[in-house]
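Dock chain B against chain A, hints included.
Protein chains: 2
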Amino acid sequence: MLKIPPHQVAGHQAGNGKLGPLVDESGRFYKPLQGDERGSNELKFYTSFSSDSRIPEHISKFFPTFYGTQLIEASDGSGLKPHLVLEDLSIGRVNPSIVDIKMGSRTWAPEASEEYIQKCLKKDRETSSLPLGFRLSGIQIYGNKESGYWKPERTSMQNLPAEEVKLILKKFVSSNTSTGMDLQPDCAFTATVYGGSTGILSQLLEMKAWFEDQTTYHFYSCSILIMFEKGLALEGQNPGGQIKLIDFAHVTEGRGVIDHNFLGGLCSLIKLISEILTAPNEHKSLVSSVNGVN
Amino acid sequence: MLKIPPHQVAGHQAGNGKLGPLVDESGRFYKPLQGDERGSNELKFYTSFSSDSRIPEHISKFFPTFYGTQLIEASDGSGLKPHLVLEDLSIGRVNPSIVDIKMGSRTWAPEASEEYIQKCLKKDRETSSLPLGFRLSGIQIYGNKESGYWKPERTSMQNLPAEEVKLILKKFVSSNTSTGMDLQPDCAFTATVYGGSTGILSQLLEMKAWFEDQTTYHFYSCSILIMFEKGLALEGQNPGGQIKLIDFAHVTEGRGVIDHNFLGGLCSLIKLISEILTAPNEHKSLVSSVNGVN
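Going line by line, the protein sequences match chains A and B. Numbering of the first sequence is given in my numbering, commencing with residue -8 and proceeding in unit increments. Numbering of the second sequence is given in my numbering, commencing with residue -8 and proceeding in unit increments.
So here's chain A without its partners, still in its complex pose (with noise of 0.2 Å):
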């Protein structure tokens, strides 16, 4: 039995007699496979990174494991149509918090065609891909049972300084309610999401050494997803802090050069991270000023 995943915080959406992607209850996600270029592109990136054995399993484990193509009823109603068929990320999460970065200060690979790339660049310039590597696409985070989830529009996300940037990074590993979102964060799960030998820094340095090194993709447009579980957190339990690589319609060959357009965006991440952990509670006193709490 197919279904709408429940937690997407960006790309395109099924319901509606839209098409987008749909999961069963085995834990596989179905991306429909985009008729242009992008989908031949992204089937052809799965079939070569999955295959590839220089890739570590340190690394590979930061991608959706994949499992081919097959014909499913897309969610559109328009019949029978290719989908890749992937890890559903989310599988045995109750209430994850999820923030969807789109990575890179541009998202435009240099072959792409001039029609796509003005496309690009004028989005790279009206959100924060430009000033800070990286732009937010999508995000939910969950409050308690009564409050559900918060999950702000998501253009709203994409062109915040930097300053505002790491305010949602703190609301991001918060104790507040989805009701309280307006509230200065209390930064009560920095340390066990964010921090320790197993949280998402660790990863994202992780993931950085193999950017440093590598030289045979190019993750344009490509996204990394932040999950964790709130409810194990407020029960003092390991919360599952979790980094996933997803998206990857325009990756293109390295040709014996570094990702250093994912990897500068990514490094500017982990700084906004690091300072988060080093000083949690610094902006307090402008949150608060901002919103007139006290």
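Because the hints were derived from the structure by calculation, they are not lab data. Please note that the accuracy of each hint is not assured.
Copies of the same chain are indistinguishable here, so a pair counts whether it falls within one copy or spans any two.
As the list claims (entries may be wrong) - Distance condition first, Cα-Cα at most 30 Å in a straight line; then the derived DSSO-like pairs of lysine-lysine:
no., residue 1, residue 2
1, Lys142, Lys114
2, Lys157, Lys35
3, Lys114, Lys157
4, Lys157, Lys199
5, Lys52, Lys72
6, Lys235, Lys9
7, Lys52, Lys199
8, Lys199, Lys114
9, Lys(-6), Lys35
10, Lys199, Lys235
11, Lys235, Lys114
12, Lys113, Lys9
Frame of chain A, contents of chain B only:
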């Protein structure tokens, strides 16, 4: 007594009635203050940086010492003009080999004028800046007393693919004479120039650690100079390999974000130099076949 710098490899050059920098015998370098905002911006940077107490000594050593400004006779005969007074980086060097590497896949700041952005973007796309994260802006490689310097046309260096850039960075540390530059490079001084605890790679890594952390300056269109004395290397002495940062007319405020654009290019350069150190002779067969040698 002011004269034209003997070892300038890029940028505006004095001589033939043109405006360019001059040097004196006491080790000072006089750079004409550009009349537009580039001049005021570069002066602002040197003034701010040289009084910034947060810059540790192991980082400030990568920058030319700043001695203020001075009115001197301009090289183009136009009379007294304000000049930045800087350390002459080639002082004490006899026959330096020098490469000027313009850093970043993007040489324009987000806040630059539309006209300037379009001009830079075009050049970044036409050169190796976009694919590599940097471009070679100029080079001189000392051969020996008889052959002098190999100093190819500057524009011929700017749009090379990664393998060709790597080849030039191998020639840079080879004992080939300047007349033998078409032959395969012997990479004789790879370890002594690029390697070792005080070599070029170590210095680049020291600079990288700072760029991963500092959020004060964004160094658009700035260059790394790499210099050493082949004469000393030939005599088995320490060749004095050194990196320096120059050209700060387009530095902007970091606003709490790292310079991911410079850092990405720096990591790309570090990767290429690491590969040369690991396998200096890997491409000999390619070089031989290209040049019809063997």
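Q | Numbered hints the structure breaks, given as an ascending list | A | none
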